[in-house]
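Engineer: One-letter residues, chain by chain:
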Amino acid sequence: MTSLIAGGIDCDVHPAVPHLTSLLPYLNDYWRDQVTTRGMVDLISQSYPQNSPITARPDWRPETGKPGESLEAMQRHVLDPFQLKHAICNPLYGVQMVFSEDMQAAFCRALNDWLAKEWLDRDTRLRGSIVIPMQSVEKAVAEIERCAQDKRFVQVLMLVMGDTPLGKRALWPIYEAAERLELPVGIHAGSAYHNPPTAVGWGSYHIEDYVGQAQAFQTQLTSLIVEGVFAKYPRLKMVMLESGVSWIAPYLWRLHKFWRGVRMETPWVDRAPLEIVRSNIRFSLQPFDAPPEPETLIRLFQHMQSDELVLFSTDYPHWQFDGQDALPEGLSPDLVRKIMIDNPHATYPRLT
Amino acid sequence: MNIQFRENQEAASPLTVKTAIADCDIHPARATRTELYPYLAKRWQHHLEVYGVHAYQGVMEGPPYPKAQPNASRRDAYPPEGGPQGSSLSFMQKQLLDPNNVQLGVLNPLNTGQGIRNHELSAALCSAINDWQIDKWTSKDKRLKASIVVGNEDGLSAAAEIRERAGDKNFVQVLLLSRNVEPLGQRRYWPIYQAAEEAGLPVGVHAFGFGGNPITPSGWPSYYIEEMVGHSQCQQSALASLVLEGVFERFPKLKMVMIEAGFGWAPSLAWRLDKAWQRLRSEVPHVKRPPSEYIREQVWWTTQPMEDPESREDLFDVIKWIGWDRLLFATDYPHWDYDEPSRVLPAGVSEANREAFYLGNAKKLYGIN
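For the record, the sequence lines run as chains A and B.
Each residue of the first sequence is one higher than the one before, starting from 29 at the first, in the working numbering.
Each residue of the second sequence is one higher than the one before, starting from 126 at the first, in the working numbering.
Just so you know, these hints were derived from the structure itself, not from any lab.
Warning: the hint list may mix true and false statements.
What the hints assert, rightly or not - Cβ-to-Cβ under 8 Å is the rule here; a few derived chain A residues that face chain B: (1) Y58; (2) P109; (3) F110; (4) G190; (5) S219; (6) T226; (7) A227; (8) H234; (9) Q248; (10) W275; (11) R282.
The structure displayed is predicted, hence computed values, not measured ones.
Backbone N, C-alpha and C define an ideal beta-carbon position, used for all residues, glycine too.
I would like the entire structure built from these sequences, with the hints used as guidance.
Structural biologist: Below, the structure written as structure tokens:
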């Protein structure tokens, strides 16, 4: 397999909240009381059932507790062996599923404070993403501004499936704040389950939801591009996390073709979608959903027509590869350096 | 796609233009609002006048996202005798079938009885449109073949319609749309696949349709272009459902055609399915083989709107990964994003692959000599 290099940036690791009660110290009296009095249970999203094979690699699965809940394990499994300079923590705790904007804002605030205290304070290699309450744009912006004062927070984090398409104008204050504060917006696989997880309804299986993440990313990219987010906020970067990468080129052929056909509908999209993606959108490496043959992989990167789109990730503790084989076979040393070091630094201004 | 926007057009090869082709996606239209009434019971005529079709969408007429052109059709395709584009056989012959030497034209009627909440009305309208296809089209031009349109949400009545038409050489496939109340692999649709397999007819799944679900898994988008691009995501989810529910495993002789949803995404989806299946197959033990194998063996793809990468080598990669034996040329006549036969396939394709692409694959799949 392709050799890793030291000093890389892992753009997608997942520290796990052990239980909703772990957030109690970070909630005010009212919400602490709500959680206990109402008998609220742990917020685990069905996107990642704890025992599902994709949720944790067999050798990364702890004997007790949730995969990813131990800093020592994360150090032993990825930070040390991959010789990482930084790893960006993207908590996938199920706060997005909450419907009340008040409760969601309280939980997001607690989650972000928990991340800073229990992870970022304990290992200087770690950086954080700001989880925001999407039920209220106003509260989301306030949380971004609050957390952004801590420079260890390097991005804003949203899920790929929520209440509305992400390009919708009502959400733009979030993008304004992110651009102003030099925070890329990371969009991670997963759903609030406020809509069916596919555009043709509810499937039967966990595997169906997981495969469908790629289609969700595709529709969100369309929304973000055609609504004009990047015309309005040209310096805004967005990172598709755990999105898969082999669909990017054929998806863009289609979007580009239709944009040429009906661009009169969205005249503010004044650059070709391909160009917008090259300048504003990035993708995390894992899961690398392509066959293992190097010749196919090389062609896929050529189809993308850019070596700047992909950012290194292990997706720890999710099971995307075995051993140290985070980089698919066939990448040139130059491309490895771009993926592991140059591209992440160009994407995240707060990484120094 | 609209030819005025195309760049880098290859000079049309005279050989290509003259060669016979199959057009696997033609949309015949009704000339008048009441053209189906002779095929409908009085009860349903009355029902339509009073209540309309009551679809899984809010608007009484037209699409929820206004199209880019009237009827989403070419402005030069209005028949001289009047009526909407695609509603005249003689004009279709003159504009499409004769000049392009179409040897086989597969009709896929839209705006039929599909996507309607009243399932009895749905069945009646589908049966009517099937009679109408014979009377108005296939009986008058032997190059044209019809699709059995079925009431998609009621598998039993749909299967009955298929069995009634089975063996009728006017029909070469069963037609479904990609967007339904549930993903197409769900059990409610299995009677359709069973009947189609028994009848030896492929099931075509055309992009579009309405099942009430937002066209993104994150809610309703704003623009027509999002719906257009979104059809390929809907098709991917529908195909993933068909694989993961085990439809291809349960109906091993079933053939399916993905119509007007692109094919560039097919290799990526198949790889992703395979990778997820390696991890999660214990959840779906009825999926016995890697998903890509079912897709490779049982799925075909129509070409329009043709994938259009800057480099033709990229296109050839994708076709090679899918298989040159699996693509079916289509124009989508009379729709505005029509693909012109002579301009679709770049130079550099072997004569055998070119023939398969334009004609051979379709004749073989649809059993036309």
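Engineer: Run every hint past the structure and note whether it holds.
Structural biologist: Quick rundown of the hints versus the structure:
no.	hint	verdict
1	Y58	31 Å, violated
2	P109	22 Å, violated
3	F110	21 Å, violated
4	G190	5 Å, holds
5	S219	7 Å, holds
6	T226	4 Å, holds
7	A227	5 Å, holds
8	H234	6 Å, holds
9	Q248	6 Å, holds
10	W275	4 Å, holds
11	R282	6 Å, holds
In terms of the numbered hints stated before, the structure departs from hints 1, 2 and 3, listed from lowest to highest.
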